[in-house]
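Enquirer: Sequence:
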Amino acid sequence: MSRPRIQIIPHLDESELAQCYETCENSKTKTYWLAIQLLSRSHEPMTVEQVAETLEFSTDWVRKLAGRYNRLGPSGLLENNHKGRKNQAAWRSQANEKLQSD
1 MSRPRIQIIP HLDESELAQC YETCENSKTK TYWLAIQLLS RSHEPMTVEQ
51 VAETLEFSTD WVRKLAGRYN RLGPSGLLEN NHKGRKNQAA WRSQANEKLQ
101 SD
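In my numbering, the protein residues as written are 1 to 102.
Please keep in mind that the hints were generated in silico from the structure rather than gathered at the bench.
Check the hints yourself; a few may be wrong.
[What the hints assert, rightly or not] With a cut-off of at most 20 Å between alpha-carbon atoms, the simulated EDC-like pairs for lysine to aspartate or glutamate come out as follows: (1) 30 with 60; (2) 28 with 56; (3) 64 with 53; (4) 30 with 14; (5) 30 with 13; (6) 30 with 16; (7) 28 with 60; (8) 30 with 53; (9) 30 with 56; (10) 28 with 16; (11) 28 with 53; (12) 64 with 49.
Kindly produce the complete structure, drawing on both the sequences and the hints.
Expert: In structure tokens, the structure reads:
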């Protein structure tokens with residue numbers, strides 16, 4: 001059983017999404033813009049599964065990205081604008097310090 005199509009809140013219209021994609025200099029963020037464009041096209045929008053396959057993302061990641069865009073608007077696609085796990089090196093360093101102190 002497939003999930004219903006994700007609805008993208010139209011924070012920006014199609015031409016504004018295209019402009020954000022075209023002018024973005026960060027390759028990762030540029031791909032995020034493309035994912036939102038593909039999900040929100042007025043003519044034949046792609047499904048989460050199609051976008052995931054096209055961009056080589058997991059379907060869960062595409063859903064999370066769409067949810068973040070819906071909640072936060074365009075700023076939700078910018079790198080370092082969302083909460084997540086700490087920097088891997090810092091996390092390891094803190095874990096090692098904790099182990100050594102015990």
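Enquirer: Decide, hint by hint, whether the structure agrees.
Expert: Against the structure, the hints come out as follows:
1. For the hint linking residue 30 to residue 60, the alpha-carbon distance of about 19 Å falls within 20 Å, and the restraint holds.
2. The suggested pairing of residue 28 with residue 56 holds, with an alpha-carbon distance near 12 Å, which does not exceed 20 Å.
3. Note on residue 64 and residue 53: the hinted pairing holds, with a Cα-Cα distance of about 15 Å set against a maximum of 20 Å.
4. For the hint linking residue 30 to residue 14, the alpha-carbon distance of about 15 Å falls within 20 Å, and the restraint holds.
5. For the proposed pair residue 30 and residue 13, the alpha carbon gap of about 17 Å is at most 20 Å, so the pair holds.
6. Restraint check for residue 30 and residue 16: the C-alpha separation of about 13 Å stays at or below 20 Å, so the hint holds.
7. Restraint check: the Cα-Cα separation between residue 28 and residue 60 comes to about 17 Å, which is no more than 20 Å; the hinted pair holds.
8. Restraint check: the Cα-Cα separation between residue 30 and residue 53 comes to about 17 Å, which is no more than 20 Å; the hinted pair holds.
9. Among the hinted pairs, residue 30 with residue 56 is consistent with the structure: their alpha-carbon atoms are about 14 Å apart, no more than 20 Å.
10. Proposed proximity of residue 28 and residue 16 is supported: the alpha carbons are some 18 Å apart, at most 20 Å.
11. Simply put, residue 28 and residue 53 have alpha-carbon atoms about 16 Å apart, close enough for the 20 Å limit, and the pair holds.
12. A hinted pair counts as satisfied when its Cα atoms are at most 20 Å apart, and residue 64 with residue 49 qualifies at roughly 13 Å.
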